[in-house]
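Could you build all of it, start to finish, from the sequences and the hints given here?
Numbering of the sequence shown is given in the working numbering, commencing with residue 1 and proceeding in unit increments.
Treat the hints with care, as some may be off.
Across the chosen pairs, the derived CB separations fall in these ranges [unchecked claim]:
no.	residue 1	residue 2	range
1	L49	P150	48 to 54 angstroms
2	D141	A58	55 to 61 angstroms
3	Y163	Y81	40 to 46 angstroms
4	P150	V42	32 to 38 angstroms
5	L153	L31	54 to 60 angstroms
6	E18	D48	30 to 36 angstroms
7	S164	L90	28 to 34 angstroms
8	V42	G178	38 to 44 angstroms
9	H61	L87	23 to 29 angstroms
10	A38	G178	39 to 45 angstroms
11	L90	E18	51 to 57 angstroms
12	L85	H61	26 to 32 angstroms
13	S23	Y163	54 to 60 angstroms
Keep in mind that the hints were calculated from the coordinates and are not lab data. In this text the structure is predicted, and so the values were computed from the model without any measurement. Positions of the beta carbon are idealized from the N, C-alpha and C atoms, including for glycine.
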Amino acid sequence: MIQQPTPETRPAATPFVELIGISAEFTPLELEGLVRTAAEAVHGDLDDLSTRQHELAARAHALMAEEAEEAADEESPAAGYTRMLALQELLRVEAEAAAEEFTALLRVLFPHAAHVVLQVRGNDTFTLDRAITADGTTVHDFDEPLPALPEDLARAWGKDPRYSLDLDHIVGDLKAAGVTFGDLPETARDLDVDDRYEYLPSIDLGTGA
1 MIQQPTPETR PAATPFVELI GISAEFTPLE LEGLVRTAAE AVHGDLDDLS TRQHELAARA
61 HALMAEEAEE AADEESPAAG YTRMLALQEL LRVEAEAAAE EFTALLRVLF PHAAHVVLQV
121 RGNDTFTLDR AITADGTTVH DFDEPLPALP EDLARAWGKD PRYSLDLDHI VGDLKAAGVT
181 FGDLPETARD LDVDDRYEYL PSIDLGTGA
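Written out as structure tokens, the structure reads:
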């Protein structure tokens, strides 16, 4: 007579857990190693991590990066384009703020000027030409050295006060970021030098000087 096992004598079922995601790429022992690695990284000493723990962590990080790339590719065919437009808008806002800061800097350098006229080079780059009053009188020619900046303002622009700022470089950066420059008003043009109708890019300092 064969005796059927009772609930009391039947062997306990082995627990079964289905691993998903990157967890499925590791053995139970490796998962335990990752848990210990995370605990030691947060609450212990990173110098105590073994070579094996570093290898496990590097492997997990690579799998996470691959998973993130696949998720991004699955978002939509235009996901990259959408992100690019968002970055362009962020750059535009930051560039406008930088242009206002640059205008404020020019006001400090040339308190008696109303406009700073830019010159268009053959390679479509802009350089500073002259600072003028509202009626076109030149108060500074950019072939001459710049006035000294207050030390705190120079340092705010990341410059040693003993050296002049490269204003042409700043203008180039602003233009590359999408900043557009206004056209010098006819009332401020020197018609012996400037054409009445040509585009003369300029920065309006808003001083009315």
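Now for the hints, and whether the structure bears them out:
no., hint, verdict
1, L49 / P150: 48 to 54 angstroms, "holds (51 angstroms)"
2, D141 / A58: 55 to 61 angstroms, "holds (59 angstroms)"
3, Y163 / Y81: 40 to 46 angstroms, "holds (42 angstroms)"
4, P150 / V42: 32 to 38 angstroms, "violated (47 angstroms)"
5, L153 / L31: 54 to 60 angstroms, "holds (57 angstroms)"
6, E18 / D48: 30 to 36 angstroms, "holds (33 angstroms)"
7, S164 / L90: 28 to 34 angstroms, "holds (31 angstroms)"
8, V42 / G178: 38 to 44 angstroms, "holds (43 angstroms)"
9, H61 / L87: 23 to 29 angstroms, "holds (25 angstroms)"
10, A38 / G178: 39 to 45 angstroms, "holds (44 angstroms)"
11, L90 / E18: 51 to 57 angstroms, "violated (42 angstroms)"
12, L85 / H61: 26 to 32 angstroms, "holds (30 angstroms)"
13, S23 / Y163: 54 to 60 angstroms, "holds (57 angstroms)"
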